[in-house]
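Peer 1: Its first residue numbered 1, the sequence shown is counted upward by one per residue in my numbering.
One should not assume that every hint holds.
Taking lysine-lysine and the BS3-like style, the derived pairs with C-alpha atoms no more than 25 Å apart in a straight line are [unchecked claim]:
#	residue 1	residue 2
1	64	76
2	124	64
3	76	17
4	17	84
Calculated from the structure, these hints are not laboratory results.
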Amino acid sequence: MARRLFQLDQEEIQELKHAYAGCRDGPTRTRYQAVRLYGAGYPAEEVIEITGCSRTSLMEWCRKYRIEGLTDLEDKRVGGNRAKLTPAQIEDLRARLCTYTPADLFDFTAATEDGQFWTVEDLKRAIRRWYSVNYRSRSSYPRLFARCGFRYHRSEKVFKLRGESAGCRD
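Just need the whole structure built from these sequences, with the hints factored in.
Peer 2: Written out as structure tokens, the structure is:
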């Protein structure tokens with residue numbers, strides 16, 4: 001059996017324990033724990049079972065810890081839907097939502113009968129058409145409406161004689 005090359009001394013084990021105890025980010029805590037356990041001599045299969053990581057990830061985390069220390073183990077992922085549209089594209093979207101109605105874009109296939117008011121389904125189709133973007137989470141679309149200055153109204157409470165949408169004021 002080959003001798004394990006990655007081993008931690010007591011000082012490094014204590015450093016990882018302390019970092020684990022002070023960390024509030026789940027994925028980063030998992031990395032600290034996995035590297036500490038593997039470096040302390042636990043078999044890789046046991047570390048994988050305890051932490052739920054893959055063997056490839058475990059070895060990559062150990063390599064990163066050796067090169068850069070704790071800072072390279074921090075989770076640097078940003079998140080799924082966050083950066084799909086740039087601020088300039090969002091401003092362009094706001095202008096387009098104020099200029100066009102769903103009826104202008106989708107004719108008789110708009111989500112509402114007359115196609116005068118934007119719905120989440122219409123926004124989803126418009127974003128796919130204009131920017132080739134599709135968000136995984138449906139809740140991202142109401143957030144986009146909010147970022148564009150639009151407000152949610154229940155259809156039965158909308159004042160029908162209103163001239164322009166609240167989101168389209170300059």
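Peer 1: If a hint holds in the structure, say so; if it does not, say that too.
Peer 2: Hints, verified against the model:
1. The straight-line distance between the Cα atoms of residue 64 and residue 76 is roughly 13 Å, inside the 25 Å bound, and the hint therefore holds.
2. For a cut-off of 25 Å, the pair hint linking residue 124 to residue 64 is broken: about 40 Å separates their Cα positions.
3. At most 25 Å may separate the alpha-carbon atoms for a hinted pair to count; residue 76 and residue 17 meet this at roughly 20 Å.
4. For the hint linking residue 17 to residue 84, the alpha-carbon distance of about 37 Å lies beyond 25 Å, and the restraint is violated.
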